[in-house]
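*Asks:* If you read the sequence shown in this note's numbering, its first letter stands for residue 118, the second for the next number, and so on.
Note that these hints are calculated values from the structure, not bench results. Please note that the accuracy of each hint is not assured.
SDA-like, lysine to any residue: derived pairs with alpha carbons at most 25 Å apart [stated by the list, open to error]:
1) Lys174 with Ile129
2) Lys160 with Asp184
3) Lys167 with Arg177
4) Lys127 with Ser171
5) Lys174 with Thr143
6) Lys149 with Asn123
7) Lys167 with Met146
Pair ranges (Cβ atoms, derived) [said to hold, decoys possible]:
8) Tyr176 with Lys149: 25 to 35 Å
9) Lys174 with Phe120: 16 to 26 Å
10) Glu188 with Asn159: 15 to 25 Å
11) Phe118 with Asp184: 10 to 20 Å
12) Asn147 with Ser181: 29 to 39 Å
13) Asn147 with Glu169: 31 to 41 Å
14) Asp150 with Trp173: 32 to 42 Å
15) Asn147 with Lys167: 31 to 41 Å
16) Glu187 with Phe132: 35 to 45 Å
17) Ile126 with Asn147: 17 to 27 Å
18) Lys174 with Thr153: 34 to 44 Å
19) Glu187 with Trp142: 19 to 29 Å
20) Val122 with Tyr176: 13 to 23 Å
Note that CB positions come from ideal geometry on N, CA and C, so glycine has one too.
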Amino acid sequence: FNFEVNETIKEIKVFGDWAYEYVFWTGSMNPKDGKTPIKFNNKVIGIYKKQEDSSWKMYRCMYSSNDVPEELHIPDTSDNQQDL
Numbered sequence: 118f119n120f121e122v123n124e125t126i127k128e129i130k131v132f133g134d135w136a137y138e139y140v141f142w143t144g145s146m147n148p149k150d151g152k153t154p155i156k157f158n159n160k161v162i163g164i165y166k167k168q169e170d171s172s173w174k175m176y177r178c179m180y181s182s183n184d185v186p187e188e189l190h191i192p193d194t195s196d197n198q199q200d201l
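Model the full assembly from the supplied sequences, consistent with the hints where possible.
*Replies:* Laid out in structure tokens, this is it:
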């Protein structure tokens, strides 16, 4: 894959030797064989820890999609409502 990524930093906070970032990642993973690209639209939280040499290293990273999965379907239950 070749990656095309756009990163938008929404927030960065530092608390002593710890920091976090809240970021949006959008873009695509493009197969080298020319097949259909896989697009993504994610939000990311990264947690960093300051090292003894004053550099920062990622301690944890969590991400999830901003898109609703196509297979997610919530049935309409409006006809089945009961009075409480």
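*Asks:* So, for every hint listed, does it hold in this structure?
*Replies:* Evaluation of the provided hints:
1. Among the hinted pairs, Lys174 with Ile129 is consistent with the structure: their alpha-carbon atoms are about 15 Å apart, no more than 25 Å.
2. For the proposed pair Lys160 and Asp184, the alpha carbon gap of about 10 Å is at most 25 Å, so the pair holds.
3. About 13 Å separates the Cα atoms of Lys167 and Arg177, which keeps this hinted pair within 25 Å; it holds.
4. Between Lys127 and Ser171 the CA atoms are separated by roughly 24 Å; this keeps the pair inside 25 Å, and the hint holds.
5. Distance hint between Lys174 and Thr143 is fulfilled; the C-alpha atoms sit about 23 Å from each other, no more than 25 Å.
6. The straight-line distance between the Cα atoms of Lys149 and Asn123 is roughly 19 Å, inside the 25 Å bound, and the hint therefore holds.
7. Distance restraint check for Lys167 and Met146: the Cα-Cα separation of roughly 31 Å exceeds the 25 Å cut-off, and the hinted pair is therefore not satisfied.
8. Checked against the given bound of 25 to 35 Å, the beta carbons of Tyr176 and Lys149, roughly 33 Å apart, stay inside it.
9. Here the CB-CB span from Lys174 to Phe120 is close to 22 Å, well matched to the stated 16 to 26 Å.
10. Checked against the hint of 15 to 25 Å, the C-beta distance between Glu188 and Asn159 comes to roughly 18 Å, which is consistent with it.
11. About 19 Å separates the C-beta atoms of Phe118 and Asp184, a value consistent with the hinted range of 10 to 20 Å.
12. Restraint check, Asn147 to Ser181: a C-beta distance of roughly 22 Å breaks the suggested window 29 to 39 Å.
13. A hinted range of 31 to 41 Å for the beta carbons of Asn147 and Glu169 is consistent with their spacing of about 40 Å.
14. Against the hinted window of 32 to 42 Å, the Cβ-Cβ separation of Asp150 and Trp173 comes to about 37 Å, which satisfies the hint.
15. At roughly 36 Å, the beta-carbon separation of Asn147 and Lys167 lies within the given 31 to 41 Å, and the hint holds.
16. Our hint of 35 to 45 Å for Glu187 and Phe132 holds, since their Cβ atoms are close to 39 Å apart.
17. At about 24 Å, the CB distance of Ile126 to Asn147 agrees with the hint of 17 to 27 Å.
18. Under the hint 34 to 44 Å, the C-beta atoms of Lys174 and Thr153, about 36 Å apart, fit the expected range.
19. Taking 19 to 29 Å as the suggested C-beta distance range, the pair Glu187 and Trp142 conforms, at roughly 20 Å.
20. Distance hint check: the CB atoms of Val122 and Tyr176 are about 21 Å apart, consistent with the given range 13 to 23 Å.
Hint compliance for this structure: hints 7 and 12 are broken, all remaining hints hold.
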